[in-house]
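These are the residues of each chain, in order.
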Amino acid sequence: METFLVVAGLIFLLVVFMYNTLISKKNQVDTIYAGLDAVLKKRHDLLPNLVASVQEYMVHESITLEKITELRTKAMTHSLDSRETIALEKQLSSMLGNLMVAVENYPTLKANENFLHLQATLSEVEEQISAARRAYNQSVNDYNNAIEMFPTNFMAGFMHLERKEVFSIPERERSSVDVKNLFQK
Amino acid sequence: MKPRLASLLDYYYESMSPTLQALEEKRLAILSSLKKAALMLACLGTVLFFVLSRTNVFTPLHAFLLSAMSGFLIFMFIYRHERAGYDSLFKDLVIEKMIHFLDPSLIYAKMDSIDAHEYERSELFNEAYDRFSGKDLVRGEIEGVKVRFCDLHVEKKVRTKNGKEEWSDIFSGLFFVADFNKTFHAKVVVLPDVAERSLGILGTWLQGVNPSRGELIKLDHVAFEKLFVVYGDDQIESRYILSHALMERIVAFHQKIDKPLYLSFVDSKLFLALHYTKPLFEPILTRSLLEFKSIKDYFELLMMITNIVTEFKLNEKLWSKR
Chain A
1 METFLVVAGL
11 IFLLVVFMYN
21 TLISKKNQVD
31 TIYAGLDAVL
41 KKRHDLLPNL
51 VASVQEYMVH
61 ESITLEKITE
71 LRTKAMTHSL
81 DSRETIALEK
91 QLSSMLGNLM
101 VAVENYPTLK
111 ANENFLHLQA
121 TLSEVEEQIS
131 AARRAYNQSV
141 NDYNNAIEMF
151 PTNFMAGFMH
161 LERKEVFSIP
171 ERERSSVDVK
181 NLFQK
Chain B
1 MKPRLASLLD
11 YYYESMSPTL
21 QALEEKRLAI
31 LSSLKKAALM
41 LACLGTVLFF
51 VLSRTNVFTP
61 LHAFLLSAMS
71 GFLIFMFIYR
81 HERAGYDSLF
91 KDLVIEKMIH
101 FLDPSLIYAK
111 MDSIDAHEYE
121 RSELFNEAYD
131 RFSGKDLVRG
141 EIEGVKVRFC
151 DLHVEKKVRT
161 KNGKEEWSDI
171 FSGLFFVADF
181 NKTFHAKVVV
191 LPDVAERSLG
201 ILGTWLQGVN
211 PSRGELIKLD
221 HVAFEKLFVV
231 YGDDQIESRY
241 ILSHALMERI
251 VAFHQKIDKP
261 LYLSFVDSKL
271 FLALHYTKPL
281 FEPILTRSLL
291 EFKSIKDYFE
301 LLMMITNIVT
311 EFKLNEKLWS
321 KR
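As they're listed, the protein sequences go chains A and B. Okay, so the first sequence: first residue is 1 according to the working numbering, each after it adds one. Okay, so the second sequence: first residue is 1 according to the working numbering, each after it adds one.
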């Protein structure tokens with residue numbers, strides 16, 4: 001009887017430990033996602049000013065500017081889940097990259113003080129987004145490992161926990177949105 | 001442009017060499033008096049040994065130990081007395097001149113150090129200390145970045161198995177503080193990764209449950225992760241501070257220096273501690289000052305320290321720090 005109680009007690013402790021580990025990893029992902037969301041919002045706040053300051057110069061880039069405005073509106077007004085946010089931010093990063101490449105063709109814009117200020121601020125926000133993305137990806141990786149590895153995978157199955165998607169940006173787009181480097185050319 | 005070794009060579013022969021002649025004479029005089037003192041003490045010790053061993057109070061072994069110890073203590077007293085003045089003069093004529101040669105705006109204070117409050121603020125070493133001493137404080141601006149560094153020695157009292165009290169080092173070496181190029185509010189501490197290297201996965205687990213250090217930050221840079229363990233109080237801001245580029249530079253710096261390296265980022269400042277087993281700017285009595293080689297080592301050390309600013313690109317500031 002005593003042995004049974006000891007074994008039952010150990011199993012109970014193991015279940016509690018696994019449950020708490022999974023919940024803590026899930027919460028960690030949510031907390032870091034909130035941080036990522038905050039820095040993405042910073043970028044969204046900058047975009048109307050950026051678009052306003054460049055549109056009078058960039059006559060041939062109206063499609064890119066419209067797309068940026070549209071994506072920003074979508075990100076601000078729709079309640080998106082993490083998967084949709086990640087997809088939308090990837091598009092936005094790509095569009096911003098295109099815009100910054102196009103800036104090279106507008107020397108008067110490159111000399112505009114207001115634009116330079118915005119560009120530098122955007123460069124800093126991009127650094128913060130990059131940090132938040134790395135933190136988010138690490139927490140998602142830890143969480144995904146926990147729900148797929150033995151023995152926590154059984155517990156994760158009971159709890160209906162699902163894999164989460166990492167926030168990756170293709171290498172080409174990542175480099176094109178590196179405003180700081182572009183700015184220093 | 002920063003001075004190079006070749007220009008130091010010119011400076012050494014043109015400006016330093018004439019004044020170093022007098023210092024070299026003093027060094028030779030000290031060596032000569034120390035030799036004489038050692039000879040005299042050896043003779044006195046031998047006499048003392050024979051006198052003591054002939055009495056019934058001491059055994060020959062006790063008599064030997066007592067006379068050897070007395071001789072050694074007197075010699076150490078003479079040694080300290082003789083070299084105190086020489087050390088001070090050496091720092092005025094060699095170290096200070098070299099620092100001004102490197103960057104005339106830097107201020108050198110041979111008796112000062114970074115204060116204990118700043119050391120504690122860095123959170124690099126959490127152990128309670130009993131003795132805090134430092135010297136050779138250098139402060140000023142390098143490439144527009146405020147820096148301070150000194151030779152620091154922090155110790156604690158420990159009790160040995162025999163019940164005796166001894167001084168044990170917590171930290172000994174270079175302590176460097178500089179303004180960081182980003183504004184941040186979180187604290188990040190980067191320490192040598194001893195546990196993971198020696199214990200593997202168990203070491204990583206132990207690092208994760210270290211409550212005194214804060215949250216373990218796992219970073220996505222393989223070489224950096226192998227060398228260091230990182231603690232911080234904000235997962236995102238820790239990565240904002242430790243960008244990929246900075247981690248790359250820290251790894252390269254560590255490989256070049258090859259000494260235990262500790263870093264922390266607190267209140268928008270970088271704290272760096274580099275462990276040295278010997279004092280940084282003390283003269284070596286047995287080395288001639290008239291040989292450029294003995295001066296070159298100090299210069300290279302100073303160059304390495306002042307280059308930290310450019311190696312870590314602390315001078316390339318982001319928008320919020322301009």
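A few of these clues could be false.
Think about it this way: if two alpha-carbon atoms lie no more than 27 Å apart in a straight line, the pair counts; the simulated DSS-like pairs of lysine-lysine are [stated by the list, open to error]:
hint	chain 1	residue 1	chain 2	residue 2
1	B	K218	B	K135
2	B	K218	B	K278
3	A	K42	B	K317
4	A	K26	B	K218
5	B	K278	B	K110
6	B	K218	B	K146
7	B	K218	A	K90
8	A	K110	B	K259
9	A	K41	B	K218
10	B	K156	B	K146
11	A	K41	A	K110
12	B	K156	A	K42
13	B	K91	B	K226
14	B	K317	B	K256
15	B	K296	B	K269
16	A	K42	B	K269
17	B	K313	A	K110
18	B	K313	A	K42
19	B	K135	B	K156
20	B	K256	B	K226
21	B	K146	B	K293
22	B	K97	B	K110
23	B	K135	B	K226
24	B	K317	A	K41
25	B	K35	B	K278
26	B	K97	B	K35
27	B	K278	B	K293
28	B	K135	B	K296
29	B	K293	B	K256
30	B	K296	B	K110
Quick partial rundown of chain B residues pointing at chain A, CB under 7 Å, derived from the structure [unchecked claim]:
hint	residue
31	K218
32	Q235
33	Y240
Stretch by stretch, here's where chain B covers chain A in the computed footprint (C-beta under 8 Å, at least three residues) [claimed, not checked]:
hint	segment
34	122-132
35	137-143
Since the hints were derived computationally from the structure, they do not count as laboratory data. Every residue, glycine too, gets a C-beta built ideally from N, C-alpha and C.
Review point. Looking back at the numbered hints, which does the structure fail to meet, lowest number first?
Key: Numbers 1, 2, 6, 8, 10, 12, 13, 15, 21, 23 and 26, in rising order.
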